[in-house]
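Remember, the working numbering sits 182 above the position in the first sequence when you count from 1.
Treat the hints with caution; some may be incorrect.
[Unchecked claim] In silico lysine-lysine, PhoX-like type, Cα no more than 25 angstroms apart, as pairs:
#  : residue 1 : residue 2
1  : Lys206    : Lys220
2  : Lys233    : Lys342
3  : Lys220    : Lys201
4  : Lys206    : Lys352
5  : Lys192    : Lys344
6  : Lys192    : Lys302
7  : Lys342    : Lys293
8  : Lys201    : Lys293
9  : Lys293    : Lys206
10 : Lys352    : Lys233
11 : Lys192    : Lys220
12 : Lys239    : Lys302
13 : Lys206    : Lys192
14 : Lys192    : Lys239
If you're looking for bench data, these hints aren't it; they were derived computationally from the structure.
Since the model is a prediction, treat every value here as computed from it, not as a measurement.
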Amino acid sequence: MNRLTTEFFKQDAVIAAEKLLGKKLVRTWDDGSETSYKITETEAYLGEEDKACHASKGRTLRTEVMYSEGGKVYVYLIYGMYWMLNVVTGTENHPQAVLIRGIDNIIGSGKVGGELKMNKSFYGENLLTSCRIRIEDAPDETYFSTTPRIGIDYAGDEWKNKPWRFILPKSRN
DNA sequence: CCAGTGATCAGG
DNA sequence: CTGATCACTGGA
Numbered sequence: 183m184n185r186l187t188t189e190f191f192k193q194d195a196v197i198a199a200e201k202l203l204g205k206k207l208v209r210t211w212d213d214g215s216e217t218s219y220k221i222t223e224t225e226a227y228l229g230e231e232d233k234a235c236h237a238s239k240g241r242t243l244r245t246e247v248m249y250s251e252g253g254k255v256y257v258y259l260i261y262g263m264y265w266m267l268n269v270v271t272g273t274e275n276h277p278q279a280v281l282i283r284g285i286d287n288i289i290g291s292g293k294v295g296g297e298l299k300m301n302k303s304f305y306g307e308n309l310l311t312s313c314r315i316r317i318e319d320a321p322d323e324t325y326f327s328t329t330p331r332i333g334i335d336y337a338g339d340e341w342k343n344k345p346w347r348f349i350l351p352k353s354r355n
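Could you build the full structure based on these sequences and the hints that come with them?
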């Protein structure tokens with residue numbers, strides 16, 4: 183299978199989050215071996231107006247990569263312990279990202295970052311060219327559920343209730 | 001329910 | 001510099 187193209191990553195985060203379900207996340211380790219995971223849970227964060235999106239606070243050192251064209255990695259440390267893996271989507275200057283919450287049977291954004299041994303060096307990594315991490319195409323999933331996003335109570339009703347979390351049923355792992 | 005843990009950002 | 005906050009997890 184081939185890598186997803188720049189056209190895929192240029193889509194809006196809500197579309198990309200849905201379509202990323204079932205795609206193959208491939209991690210190449212330091213010793214050259216590879217592990218392939220199926221993406222099973224995602225969340226979309228869409229633009230400065232989305233109060234739950236980090237970019238709602240504007241352009242900073244941390245959010246900078248979200249302002250670039252889709253196809254890059256956005257990682258950040260949360261609670262001093264967990265590296266959160268996101269995929270930047272959309273076009274330049276339109277900050278968006280898709281959070282990877284689950285791969286195979288590893289459910290939980292913090293656990294995903296741990297499993298993939300994420301760290302700050304992956305910030306801005308290019309998914310189109312990186313030799314450490316890539317996403318390969320796979321048939322679109324048509325059977326999945328949606329719920330509001332997790333852990334964003336601060337965002338206010340309008341944004342916290344958006345059904346922008348996408349989940350594959352466990353039986354399809 | 002709640003503690004742990006440290007980068008990041010706004011404000012002096 | 002200081003202090004608040006945080007897209008979380010695991011254990012009481």
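Compare the distance between the alpha carbons of Lys201 and Lys293 with 25 angstroms, and conclude whether the hinted pair is satisfied.
-> holds, 22 angstroms
Agreement of Lys352 and Lys233 with the hint, judged by alpha carbon distance not exceeding 25 angstroms = violated, 30 angstroms
Can the restraint linking Lys293 and Lys206 be considered satisfied, given a maximum Cα separation of 25 angstroms?
-> OK: Lys293 and Lys206 at ~17 angstroms, within 25 angstroms.
Below or equal to 25 angstroms on CA atoms is what counts here, so check Lys342 against Lys293.
-> holds, 23 angstroms
Keeping to a limit of 25 angstroms between CA atoms, is the pair of Lys206 and Lys352 held or broken?
-> holds, 16 angstroms
Measure nothing beyond the straight line between the CA atoms of Lys192 and Lys344; if it is 25 angstroms or shorter, mark the hint as holding.
-> Holds. Lys192 to Lys344 sits at ~21 angstroms (cutoff 25 angstroms).
Below or equal to 25 angstroms on CA atoms is what counts here, so check Lys192 against Lys239.
-> This hinted pair holds, its Cα atoms lying about 22 angstroms apart.
Given the hint that Lys233 pairs with Lys342, does the C-alpha gap stay at or below 25 angstroms?
-> The given pair, whose Cα atoms are some 8 angstroms apart, holds under the 25 angstroms limit.
Pair hint outcome, Lys206 versus Lys192 [Cα-Cα no greater than 25 angstroms] = holds, 18 angstroms
Take the C-alpha atoms of Lys239 and Lys302, compute the straight-line distance between them, and say whether it is at most 25 angstroms.
-> Within the cut-off at roughly 21 angstroms; holds.
Are Lys192 and Lys220 close enough, with their CA atoms no more than 25 angstroms apart?
-> Holds, because 21 angstroms separates the two Cα atoms, which is no more than 25 angstroms.
Does the structure keep Lys206 and Lys220 at a Cα separation of 25 angstroms or less?
-> holds, 5 angstroms
Checked against the numbered hints above, the structure violates only hint 10.
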